[in-house]
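J.: One letter stands for each residue in the lines below.
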Amino acid sequence: MPSASDTRSSTAPDDTTGPGGAGRPAGAGPWRGRLTTGRLIRLGAFLVCAALLLSFPSMAPNPYILSAGVVVLSYACTATAWNFMGGFTGYVSLGHAAFFGLGAYSTALLIRDLELSPFVAWLLGGVVVLVVTIPVGVAALRVRGASFVIVSISFVLITLLVFQGWDAFTGGSNGLVVPRPFPELLRPEHHRVFFYLFAALLGVMLLAWWAIDRSQFGMGLKAVREDEDKAQALGVPTRNYKLAAYLISGTFTGLAGGMYALWFGDLDPIFQFSIMLGAYMVLMALLGGVRHLFGPLLGALIVGSALEYFKMEFGDTQLHLVATALLLALVVLFMPDGIIPAARDLVRRFGPQQSSIREMTAAELLERNREAAAEAAARTAGGTAAGGTAGDGDRTDDGGTDGAGAAGSGKEEER
Amino acid sequence: MSSRRKHTWGVAAALSAGALVLTTACSGDSGGGGSDDTIVIGVSLPLTGDFSEPGKGVQRGYEAWAQMVNEDGGLLGRQVELKILDDQSSADRVVQDYEALIAKDQVDLIFGPFSTRLVVPSARVAEEYGMLFVEPAGAAGEVFEQGFENLFYAAPAIAEDHYDYLAEYLLGLPEDERPQTVAVASMDDPFAQGTAYGLRDKLAEGGLEIVVDEVYPPNTTDFSSIAAKISSSGADVVVGGTQYQDAVNLIVSLQQLNYQPRLAAFSTAPTNPEFSAAIGAKTEGILSPTGYTPEAAWESNTDFVERYTEIHGSPPSEDEANAFTTGQVVAAAVEAVGCAEQGDCQQQLIDWLRDAEVDTVVGPLSWDDAGRPQSAHLIQQYVDGEIRIVLPEDAQEADFVFPKPAW
Amino acid sequence: MNTALLFQSLVLGVLLGGLYALLAAGLTLYFGVMRVVMIAHSAFLILAAYIAWYFNQQTGWDPLFSLLITVPLFFGIGVGMQRLLITRLRPATLTMMSVLLTFAIALFIEGMIGFVWSGTQRRIQLPYSGDSINFLGASVAVVKLMAFALAALSLALLYLLMKKSRFGQALRATIQHKEAAQLVGIRTDRVAGLGFGLGLATAAIGGTALSLDATIYPSLHWHWIGPLMAIIVVGGLGSIPGTAIAAMVLGIGQSLLQVPLGTTWAQTLFYVALFATLMLRPQGFFGGRLAQRF
Numbered sequence: 000m001p002s003a004s005d006t007r008s009s010t011a012p013d014d015t016t017g018p019g020g021a022g023r024p025a026g027a028g029p030w031r032g033r034l035t036t037g038r039l040i041r042l043g044a045f046l047v048c049a050a051l052l053l054s055f056p057s058m059a060p061n062p063y064i065l066s067a068g069v070v071v072l073s074y075a076c077t078a079t080a081w082n083f084m085g086g087f088t089g090y091v092s093l094g095h096a097a098f099f100g101l102g103a104y105s106t107a108l109l110i111r112d113l114e115l116s117p118f119v120a121w122l123l124g125g126v127v128v129l130v131v132t133i134p135v136g137v138a139a140l141r142v143r144g145a146s147f148v149i150v151s152i153s154f155v156l157i158t159l160l161v162f163q164g165w166d167a168f169t170g171g172s173n174g175l176v177v178p179r180p181f182p183e184l185l186r187p188e189h190h191r192v193f194f195y196l197f198a199a200l201l202g203v204m205l206l207a208w209w210a211i212d213r214s215q216f217g218m219g220l221k222a223v224r225e226d227e228d229k230a231q232a233l234g235v236p237t238r239n240y241k242l243a244a245y246l247i248s249g250t251f252t253g254l255a256g257g258m259y260a261l262w263f264g265d266l267d268p269i270f271q272f273s274i275m276l277g278a279y280m281v282l283m284a285l286l287g288g289v290r291h292l293f294g295p296l297l298g299a300l301i302v303g304s305a306l307e308y309f310k311m312e313f314g315d316t317q318l319h320l321v322a323t324a325l326l327l328a329l330v331v332l333f334m335p336d337g338i339i340p341a342a343r344d345l346v347r348r349f350g351p352q353q354s355s356i357r358e359m360t361a362a363e364l365l366e367r368n369r370e371a372a373a374e375a376a377a378r379t380a381g382g383t384a385a386g387g388t389a390g391d392g393d394r395t396d397d398g399g400t401d402g403a404g405a406a407g408s409g410k411e412e413e414r
Numbered sequence: 000m001s002s003r004r005k006h007t008w009g010v011a012a013a014l015s016a017g018a019l020v021l022t023t024a025c026s027g028d029s030g031g032g033g034s035d036d037t038i039v040i041g042v043s044l045p046l047t048g049d050f051s052e053p054g055k056g057v058q059r060g061y062e063a064w065a066q067m068v069n070e071d072g073g074l075l076g077r078q079v080e081l082k083i084l085d086d087q088s089s090a091d092r093v094v095q096d097y098e099a100l101i102a103k104d105q106v107d108l109i110f111g112p113f114s115t116r117l118v119v120p121s122a123r124v125a126e127e128y129g130m131l132f133v134e135p136a137g138a139a140g141e142v143f144e145q146g147f148e149n150l151f152y153a154a155p156a157i158a159e160d161h162y163d164y165l166a167e168y169l170l171g172l173p174e175d176e177r178p179q180t181v182a183v184a185s186m187d188d189p190f191a192q193g194t195a196y197g198l199r200d201k202l203a204e205g206g207l208e209i210v211v212d213e214v215y216p217p218n219t220t221d222f223s224s225i226a227a228k229i230s231s232s233g234a235d236v237v238v239g240g241t242q243y244q245d246a247v248n249l250i251v252s253l254q255q256l257n258y259q260p261r262l263a264a265f266s267t268a269p270t271n272p273e274f275s276a277a278i279g280a281k282t283e284g285i286l287s288p289t290g291y292t293p294e295a296a297w298e299s300n301t302d303f304v305e306r307y308t309e310i311h312g313s314p315p316s317e318d319e320a321n322a323f324t325t326g327q328v329v330a331a332a333v334e335a336v337g338c339a340e341q342g343d344c345q346q347q348l349i350d351w352l353r354d355a356e357v358d359t360v361v362g363p364l365s366w367d368d369a370g371r372p373q374s375a376h377l378i379q380q381y382v383d384g385e386i387r388i389v390l391p392e393d394a395q396e397a398d399f400v401f402p403k404p405a406w
Numbered sequence: 000m001n002t003a004l005l006f007q008s009l010v011l012g013v014l015l016g017g018l019y020a021l022l023a024a025g026l027t028l029y030f031g032v033m034r035v036v037m038i039a040h041s042a043f044l045i046l047a048a049y050i051a052w053y054f055n056q057q058t059g060w061d062p063l064f065s066l067l068i069t070v071p072l073f074f075g076i077g078v079g080m081q082r083l084l085i086t087r088l089r090p091a092t093l094t095m096m097s098v099l100l101t102f103a104i105a106l107f108i109e110g111m112i113g114f115v116w117s118g119t120q121r122r123i124q125l126p127y128s129g130d131s132i133n134f135l136g137a138s139v140a141v142v143k144l145m146a147f148a149l150a151a152l153s154l155a156l157l158y159l160l161m162k163k164s165r166f167g168q169a170l171r172a173t174i175q176h177k178e179a180a181q182l183v184g185i186r187t188d189r190v191a192g193l194g195f196g197l198g199l200a201t202a203a204i205g206g207t208a209l210s211l212d213a214t215i216y217p218s219l220h221w222h223w224i225g226p227l228m229a230i231i232v233v234g235g236l237g238s239i240p241g242t243a244i245a246a247m248v249l250g251i252g253q254s255l256l257q258v259p260l261g262t263t264w265a266q267t268l269f270y271v272a273l274f275a276t277l278m279l280r281p282q283g284f285f286g287g288r289l290a291q292r293f
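Residue numbers (numbering that gives the first Met the number 0), protein chains in the order written: chain A, 0 to 414; chain B, 0 to 406; chain C, 0 to 293.
Just so you know, these hints were derived from the structure itself, not from any lab.
Quick caveat, the model's predicted, so the values are computed rather than measured.
Incorrect hints may appear among the rest.
As the list claims (entries may be wrong) - Once the Cα atoms are required to be at most 20 Å apart in a straight line, the calculated EDC-like pairs of lysine to aspartate or glutamate come out as:
| # | chain 1 | residue 1 | chain 2 | residue 2 |
| --- | --- | --- | --- | --- |
| 1 | B | K281 | B | D398 |
| 2 | B | K201 | B | E167 |
| 3 | B | K55 | B | E273 |
| 4 | B | K82 | A | E312 |
| 5 | B | K281 | C | D130 |
| 6 | B | K403 | B | D235 |
Claimed, not checked - Example chain B residues on the side facing chain C (calculated, C-beta under 8 Å, incomplete):
| # | residue |
| --- | --- |
| 7 | E213 |
| 8 | V214 |
| 9 | P216 |
| 10 | P217 |
| 11 | S223 |
| 12 | K228 |
| 13 | V251 |
| 14 | Q254 |
Glycine included, C-beta positions come from ideal geometry on N, C-alpha and C.
Let the hints inform the model, and build the full structure from the sequences given.
T.: In structure tokens:
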């Protein structure tokens, strides 16, 4: 058996979950391996998608579609931001809408009261969210599982009450009007500018996710996701790691909220601190696949487009709630790992010839066998020691991880 | 590199591309409104959610207007068609609705939504597309402080002035008959607060003591604490800044505590046809401001009431009338300018309305630079089980009952 | 604040606390038997209230009679839900995924209520809606008293069932230690299903009680689930007596705080209590040892 280190050194950039590797062309990762057809295909696919996304404003037939595109992109930003916590650590927060609202309101209030320029206020708004997130994170992360979810929901409800109740400061239920950052722009132009701004924000988030995914920090977080007690026993500073992930996640969500405030212009506590928004984030991320870099983005594209379509077509009924509910239930019951693994399994089932394409090297074949073995072992024994800690969780993704996971955890242990 | 990941990526790429194409495709079918012979008018209304009761009233009013205009030969000789979307009482939706109506469906004209809270965001969309925006319900003062240049409120007066006649009357009473203490409870909503605080501030200025001043969030269902506070204060006057259901709940809670004020005024709710049944028919003496009465003798009103009653079996209430008024105001501008489409026409309509006086079912209306109407609201009261105009005296249908009988 | 108002608020608080106690007991029951935080609990509560309203609307009978329909119906739904849905989830991620699943159920119910009965606010109009009786100077609305009596009676029944019956013993054994309960021959999966049904039956009763004196609308359940969840954490997850005490204390607290602070700020009491509990005693103030882990 080629040693784990061998595998790791040859495929290091890929040794993270799923399409983490796929992000590499964008992140311009080192081209250490051969320029295989597979890589070309992936690079091509990535470029095509990016080009499609960026050319959307010029393809949109009318400003309404463009504004729907902005909404979908804002969903993609929030879902990706959510995934910093939900994806890495497995802590499902239904309350991220609170950070969204806090970001939106901080931005708006900084513009109103300190008369800062919009984008300075936006960045400072992110800082405000970061500062608020610290005590909340400390409290919320004292508990796990169900209690954490309770706390997260409560956090939305309490922020909703505070922003409704403190009307002298926040405008209460009357809402708050955010001045336009580009007052001279016509509405369609305004949408176009914000489409690119959201796209840029999304790009930054994806890059950050990709970087963390490859880092030791990310490895520690994933260890928490698979088995927090074991990770702790192995010396992963779980509390600080979780808190850090929570802060990053909250801040990015807040930045998305601030951007939304600048774009949308009208804030109302009921809509900014809405449990539904938090639920959409979870649904999008889960649907796409929380372990994949592009999972939340994919989920947002699907759910966001479907929501817009649904509201346009069936706007006068509550059926969109029912549809959302059914989709969420289906995802939870039948594909908790998301579409990407589910679709991949499907493709593999229908495409046996693909495995015979000669891109597969002997090393890859070996890796796959090893992975299958690890998977079986993980299933039966629930994973042993270090290898199992990170390995069994990633069993649905790729086997390369358990080697790296072991090493990652091992390093933590040395500290 | 495993072959799996390749698949992953391919699948992800295909799916995202698919979703994108779907977005573009499924919405690409522009509604194709505005064919040459019909004038399409876009509206977004809260048909579900918090404001659904009044929202449906506004819908009835708009539909009655369209039907009557079409029966009379249309606008500029063209038939009128309404395109109504449901905004679920949500500000996010209302913006997208108007965006869709204007940019995607290319409607020729738009009418405003219901409730102040939804008017401000939608007026901004309308302004940024240069559309005339006449609205039936954005009464709160702040609507007119946003600097909109395309906005006109199609009712007699803004919220803060709704109780003017009542305040005048109370302050005009001799010292020993005049009530001394006031309890105010208002929904945290710009319209509801506008009406209640307009009266509160005028009474406070006139020397009455405000003993309770409560605000509750829009979705409050338990009013027992607020009622307890009001009841224990023993205030002479109770003023409710209410929409509909909250007024019912508050009144029932006050009844449960056996609190008997000398005067009780609630905004909006008492004009609703279901109000009386909802509070167990104990309506006697309850006051409410209104911008409209079916009995008013304005020229177009008699026709409106008659034909509306024919369609719906009962006379219109305030929401229907305000919606109808909106239609009348826009129609007047369209007929005067002679056009109804997007583009330069809209600015001409706006310019014309700025200096115009339009005869409507609520009387002649004119507006200041910010779109505030320049008339006044009437005060009505439940007298012998019927809601009647009691103030001002020259429009009186029944005598003002004070103090209010027990409920 | 004068004494009369204080006393009035206290009485209102007790009446409110009783309802909270019943509902939170149901919520803590699910958690006890299955480690499931049942977000849909309050959605079922509102559904029961809607059924009561619709029943009253259609038949003109007192909404209390709708209990004859809703209690068995909800019990059946609860058992079915546990057996058909919850058990399908992977044990490893059960806690998280069950939250999402029940969240989806809550949304589904909210959407269906809105679809069937529209989003309009509803209220049952009873001949005795405005009546009250005098209790030591405080007016107590008859409808509120009935709601409280219903809640107190059900809670007492639940307590007796848990303490005295064989099923109750099995249920408590399952809550305390599932594996051990299995070893002594308790069919814990069946017991869990029945426990779920029992929990949902409390929602049926609570909903009917609620419908007597409250306006209902589809999204109202969000206003209930927050306080209820805070109550079960403060009371200690899985502990029914702790839950009942916490419900009473917080219900009275909310009612008293409404006088000086107003309704909006008074509601924050629940969340302040929740965060305080997490910082000071994550396992809850009244027993219960499960919070830390779940």
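J.: Taking the hints in turn, state whether each one holds.
T.: Hints, verified against the model:
Our distance criterion of 20 Å between C-alpha atoms is met by B/K281 and B/D398, whose separation comes to about 19 Å. With a C-alpha separation of about 9 Å, the suggested pair B/K201 and B/E167 falls inside the 20 Å cut-off, and the hint holds. Distance check on the hinted pair: B/K55 and B/E273 sit about 14 Å apart at the alpha-carbon level, within 20 Å; holds. For the hint pairing B/K82 with A/E312, the CA-to-CA distance comes to about 13 Å; that is within 20 Å, so the pair holds.
Restraint check for B/K281 and C/D130: the C-alpha separation of about 12 Å stays at or below 20 Å, so the hint holds. Taken as a hint, the B/K403 and B/D235 pair is honoured in the structure, with Cα atoms around 10 Å apart against an allowance of 20 Å. Hint status for B/E213 relative to chain C: holds, with the closest Cβ pair at about 6 Å, below 8 Å. A distance limit of 8 Å between C-beta atoms decides the matter here; for B/V214 the minimum to chain C is near 6 Å, and the interface restraint holds.
Because the closest C-beta pair between B/P216 and chain C is about 5 Å apart, less than 8 Å, the hint holds. Given hint, B/P217 at the interface with chain C, is violated; its Cβ is 11 Å from that chain's nearest Cβ, farther than 8 Å. Because the closest C-beta pair between B/S223 and chain C is about 5 Å apart, less than 8 Å, the hint holds. The interface hint given for B/K228 is met, as the beta carbon of that residue sits about 6 Å from the closest beta carbon of chain C, less than 8 Å.
At its closest, the beta carbon of B/V251 sits 6 Å from a beta carbon of chain C; the interface hint therefore holds under the 8 Å criterion. Annotation: interface hint on B/Q254 holds; nearest CB of chain C at approximately 4 Å, less than 8 Å.
This entry does not satisfy hint 10, going by the numbered hints stated previously; all others are met.
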